[in-house]
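Once you have looked at the hints, place chain B on chain A.
There are 2 protein chains.
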Amino acid sequence: LSPVFSMYGRYTQELGVYAKEEAARLRDGGGLRRVTSVRSRSAELLEYEKDPCAKCHVCTSRCQKFLISRVGEDWIFLILLGLVMALVSWVMDYAIAFCQQAQKWMYGGLDSNMLLQYLAWVTYPVVLITFSAGFTQILSPQAVGSGIPEMKTILRGVVLKEYLTFKTFVAKVIGLTCALGSGMPLGKEGPFVHVASLCAALLSKFLAALFGGLYKNELRNTEMLSAACAVGVGCCFAAPIGGVLFSIEVTSTFFAVRNYWRGFFAATFSAFIFRVLAVWNQDEETITALFKTRFRLDFPFDLQELPAFAILGIACGFGGALFVYLNRLIVECMRKQKTINKFLLRKRLVYPAMVTLIISTLTFPPGFGQFMAGQLTQHESLVALLDNRTWCRQGVAEEFDYISHSHAWKHPQVNVFITLILFIVMKFWMSAVATTMPVPCGAFMPVFLIGAAFGRLVGETMAIMFPDGIHADGSVYPIVPGGYAVVGAAALSGAVTHTVSTAVIVFELTGQISHILPVMIAVILANAVAQSLQPSLYDSIIRIKKLPYLPELGMGHHEKYNIRVEDIMVRDVRYITLSSSYREVQEVLMTGQLKTLALVESTDSMILLGSIERSQLQSLLSLQLGPTRRLDHLRRHAQDNGTHTHTLGAHTHLTSLDTMDSPPSPPCTHTHSYTSNSSNTSARHGVRFLVSVAEVILNPLPQIAEWEEQQLDEPVDFNNCKIDPAPFQLVERTSLHKTHTIFSLLGLDHAYVTSTGRLVGVVSLRELRKAIEGSVTVTGVKVRPPLASFRDSGNTTSVSEVTELHKLWNRHRGLSLPREPTPPDMEDQLDLVFLCE
Amino acid sequence: LSPVFSMYGRYTQELGVYAKEEAARLRDGGGLRRVTSVRSRSAELLEYEKDPCAKCHVCTSRCQKFLISRVGEDWIFLILLGLVMALVSWVMDYAIAFCQQAQKWMYGGLDSNMLLQYLAWVTYPVVLITFSAGFTQILSPQAVGSGIPEMKTILRGVVLKEYLTFKTFVAKVIGLTCALGSGMPLGKEGPFVHVASLCAALLSKFLAALFGGLYKNELRNTEMLSAACAVGVGCCFAAPIGGVLFSIEVTSTFFAVRNYWRGFFAATFSAFIFRVLAVWNQDEETITALFKTRFRLDFPFDLQELPAFAILGIACGFGGALFVYLNRLIVECMRKQKTINKFLLRKRLVYPAMVTLIISTLTFPPGFGQFMAGQLTQHESLVALLDNRTWCRQGVAEEFDYISHSHAWKHPQVNVFITLILFIVMKFWMSAVATTMPVPCGAFMPVFLIGAAFGRLVGETMAIMFPDGIHADGSVYPIVPGGYAVVGAAALSGAVTHTVSTAVIVFELTGQISHILPVMIAVILANAVAQSLQPSLYDSIIRIKKLPYLPELGMGHHEKYNIRVEDIMVRDVRYITLSSSYREVQEVLMTGQLKTLALVESTDSMILLGSIERSQLQSLLSLQLGPTRRLDHLRRHAQDNGTHTHTLGAHTHLTSLDTMDSPPSPPCTHTHSYTSNSSNTSARHGVRFLVSVAEVILNPLPQIAEWEEQQLDEPVDFNNCKIDPAPFQLVERTSLHKTHTIFSLLGLDHAYVTSTGRLVGVVSLRELRKAIEGSVTVTGVKVRPPLASFRDSGNTTSVSEVTELHKLWNRHRGLSLPREPTPPDMEDQLDLVFLCE
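As they're listed, the protein sequences go chains A and B. At position 302 of the first sequence (counting the first as 1) the number is 302 in the UniProt record's numbering, and the numbers step up by one without a gap. At position 473 of the second sequence (counting the first as 1) the number is 473 in the UniProt record's numbering, and the numbers step up by one without a gap.
Here chain A stands alone, though its shape is the one from the complex (with noise of 0.2 angstroms):
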């Protein structure tokens, strides 16, 4: 075989093979209709590393058609999507409840024996969490962890394609529901967002089924797959303009404001269903919000409890940095341990179920659990602390346990103070260390409760201060510290994912908008520090996961400045030209990576004339050397042979294939000789074709090698191949900054670097991103000066660069700054997935 075949040796075998299954199963039964479907999937077969979006040329006129009722179909998305996002979310609730529940009965029904009662307590947990990281692990990796990092990364452009399949959507839902249900310190609304996304593009490919057309736009998915996220938070929350606002702050970096309205719609629908289920579910009366709270109206705090807020709100800020710190260093230290490692990578097991076991074994109720509210699960401690009864003015009991689950807070012999530290302390790290196990899971609920556990120990702290409140004048206004612990979970929160509109998720949450000045406050300061010490949970995961997203520019950093195109391009770029032949085109799409390839006039002018997307060229190919050409020629050479051809309708039975001698080496080399019989079925008639079709193309006999050398040689027809005429330009001299603001704005993959017209050089997301990590990364981590976003602005939009001439005249003088080559290590294999895809 010459290395010709190389690549189209692939199709032909699998054809091959394939031609001669169904032509066994033919022959049983079946008929000449089948034989159609073998054209079909050939088609298929040729064209299976195509994008589904490079069709879209095809629909554009469907489209067009479709467009009118474009509005409509938006909406039924949107509802489809709430509703089913709603029902899983409730489901799930239910289900994690149940598993609660079981877990409670079994350990309350074994109340005798201690030891039973242990291992009933631990033993659960450890089962449930080491099932869900087996069964994510075996079914889809891909559902391990938060999902919000591959969102933002998805969001950016890049394609994740297995992110976003079904094996991963039942994989993360039924491992979120096992890993919730064991009540280890795990969250539900990364996850969540995750789950949306899934359930956006799951419910996209039905409807492209069903409907096809509009559908299948895959720009149109994008933007579906951002109202999705905020769906995803806003049913888990039932808080859909913290849904919303969460979802842009956490995934976007340029938003569309015409974007905002399909979240709204959609997280208000499924927040709307979500709730509604409870109500007929006879848990509730009437609609309302998920951790309601009965503070005050009147006077819900004092203008001079501000500074408490504020110091609630900065303590916040530490412990947030403090929480990605911990979690960072975890995973490090894992890594970079090799014999754990090595281990772990063995036994993958091993660490969720350690993990499992020792928290639960901490926070078994008899145990050290009897002084950090071990019994409770996170919702029954939330409700419990967001209580508007002040704790520590109780006394030891008296109404204290009016509602069962304070009860958990009081022990006879330690202050509730010591109850909250230790539980503050022990879920600190717990959490730190449960989202690091293989499973699908989120760190933003553990942390609220952190946060709203520290800012009931303030509030309590402020009640034993100022017993009677802190107002001078008139009425006495007691401190609320139910109030406090609002404030705290929301700055807390904010603080780990660099957010703050968990201030308008925790109003959503507790139905109450009255601390809205202190929440805001203390979620600003806590923002502002948190962002001076550390990346966001989410940046920082990406970091970790080495996904390819693009970072953001740091300050300080003024190297930068003067960083060009020039310095960061791949001056050896793939490209074809018009008068590139078939041959040419074959090498340049075996080289290549990038998903499209640059068109230039001729290798002399070097003159770009547009881009071609890599399946374009390959079915341009498959056309020219296609098995319906190779049949072609092989009839044309049979005629021209004289031998005698069978004519049956549409069909063209190519037989006699025997006169021509057997090739030297391939495996299946055997020649059938089939006579004509014209007084055959339909159905044998399909078998003979079928396998004479599968003969000529398994067997690359020595005419047809001769003839596809010809065919490689002859120069590429663009007639019927879509080019696009205006690919995205840099100029050599572009900086950094603006090269930065484009690819971000534009969410841009690439874009050819041209010098008065002539491509020079390629720029893609990779060169970009390492260019920027190759001056800011010190530790492995970026870290974000204070509110970067403060920072960003006058840098990133720096559009106008004013340079002088003589420097555009000598342009190829010694570049300014030589760049490094960028450390093997880079070479992720993630990175591949976008730059290949």
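Everything labelled a hint here was simulated from the structure, so no lab data went into it. Built from N, CA and C at the ideal position, the CB exists for glycine as well. Check the hints yourself; a few may be wrong.
Said to hold, decoys possible - Between beta-carbon pairs, the in silico distance windows are:
hint	chain 1	residue 1	chain 2	residue 2	range
1	A	P366	B	D298	33 to 39 angstroms
2	A	A208	B	I79	50 to 56 angstroms
3	B	V127	A	I470	44 to 50 angstroms
4	A	N281	B	G108	56 to 62 angstroms
5	B	W280	A	S475	18 to 24 angstroms
6	A	M590	B	M590	54 to 60 angstroms
The following block gives chain B in isolation, referenced to the frame of chain A:
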């Protein structure tokens, strides 16, 4: 004079006049010190068209030093802005309350005589409104109206300088106070966005004058402006979150998430100070919401009430669209009626006075006003409407008057329903008319009020229909009509402004979030209806005022898919080449309009090298022909001629110019002779020098003329000229959609169209706007289709236009869609602003 002088003639004459005046003053006193001021003044004159931002390259290095302390300065700026705006808002509220109280006193004190009472009631607002209109007209006509449309345009990147001056600030603040103090149905919110932006712009200028460097960065100022918009809404309603979201929705197309912070921080701080001032002033005990409601928390509404809320939302959608239509109709009617128009243009104060007279007559409490709660201010009406009692069930009077405001709604003879309906109908058209008056005013608050009244009406109806509430099982929960008022207010204001963030604003205004679901549902439905019928009020005003804003692309006009850049671009591009002479530069400067000029390699190749700012070229030209070089030349000329020169210190005296013959034509062609007296005092030296400089510049002597001709023929030296090496480029086949997206995203003013590196045209905002409007405008105002946001999605981001190559080959074929020239009435005065600027 040769035509060459026409450009510099202006300068020289101005300078000559100035120099003579200065010389006269110097002769009296003054001294040598003043001489330098002449030079700086002349430099000013020569640079008078320069953009302040063009100097940016000078301060880049300084900027970089400042960048470290950048974050701190941002904080300080935002705190200052928040503080100032809170103070302005509070003082204005105080003044308005005082005005309204004064009217009530006057009205109340005259209750003996109905006629006097009527005169007092009517005269007071007429005087205030007339003063407001007159004051604004004289000081700054730009202060008229809402200001949000202008801010939308400015944030889009179009410079409307006169909208951000100190004069406008004063006019807006004082005009607004008077307008609102008159008690007309006008709002504070829109103008406050403008006031906050003015405040930010002035603060920037002030800080730039104090500290320089950083505060001159114009890009940063734009970001600060977008934060200022949030502050404006935030401190007007004490609604920081709603303020941020509303300002984003109203002013942005693509929002940079990093700006989110800035807005949040500034708006929170501002709202905080605004409410703290109320506490300090003993108006409130602590910080609470502006219109605090006291609805019950445990069961705010029943699930079965949701259809009523939905219907309310849909009705508000129709109402909102009607309001926008009515408002525009009034403006257009008056414009079309030429006699009215002429009359109103001559007597500008008649219209507002007339409108005020009619409105205040109708609201006169003893007259028709008694049936529509005419005696209440907007604030009082809103407090009454959001009341948590049910009006219809209170019977005739009993406890109805424990808040005095509610009394106004109850008429002895007339049902409360009639009062509400009259209130809604009358206020509806009154607000629509009042907002067309040429005073600073917004429409948000009046619309909000009407919405609340409509909601109250629906709520009261529901309360009548279901006296014991709808809830079936267990306890009785009566309907809360106040909740309907909240929902109606949010829905109607949302419908008029096309925003959903009004939902958040009502939560913050009322301090209760219990009705979140009905509010969200109603707002979304109202938006869906309103958007399908009319543009938003702000877009409508943009069209009425013909502001240079880039409209959004419409749906269902598929012909626009076929419009490409080549169809709309200006082919006659002004450019300069590397070998251009100064004369060519001068000619290009005198003919072109765009802010920047293209630099191409040569007229033959037309390869685009970059773009140069107009101001850069002007300074190049002035360097070449400026006074320094003129004097230099003359001095050398004089030296060569052997005339005696006189050197004293650094000053070169040019005297005895009388040896030259006088020029033929110019108006002031007297040549004076000065003989040198070496014993003169320095003051006299100064005078003489000055006069001689003036002479030299003033009199284009033949030698000078000849010299100038020579100078103009020299090739331009670009060495000291800042060139943008990467101006934005499009290709001819870029679609209108892509162009629109790129212009919107990057805030471009113009883009060059290149064909394989060669400059073939230029597209500016103007062409783009005309192309879009050309195919969308039907009845003067673009009609937005249902939920416009939904529709734009698929189209706007269609980046990958694939086309067939054979079209690429015969590129210069006949254009597929030749566009007609746009009608001359589009050539509005304002159009020029963004082209010349």
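For each hint, the structure was consulted:
{"no.": "1", "hint": "A/P366 - B/D298: 33 to 39 angstroms", "result": "37 angstroms, holds"}
{"no.": "2", "hint": "A/A208 - B/I79: 50 to 56 angstroms", "result": "52 angstroms, holds"}
{"no.": "3", "hint": "B/V127 - A/I470: 44 to 50 angstroms", "result": "47 angstroms, holds"}
{"no.": "4", "hint": "A/N281 - B/G108: 56 to 62 angstroms", "result": "58 angstroms, holds"}
{"no.": "5", "hint": "B/W280 - A/S475: 18 to 24 angstroms", "result": "19 angstroms, holds"}
{"no.": "6", "hint": "A/M590 - B/M590: 54 to 60 angstroms", "result": "58 angstroms, holds"}
Hint check: no violations occur; every hint is consistent with the structure.
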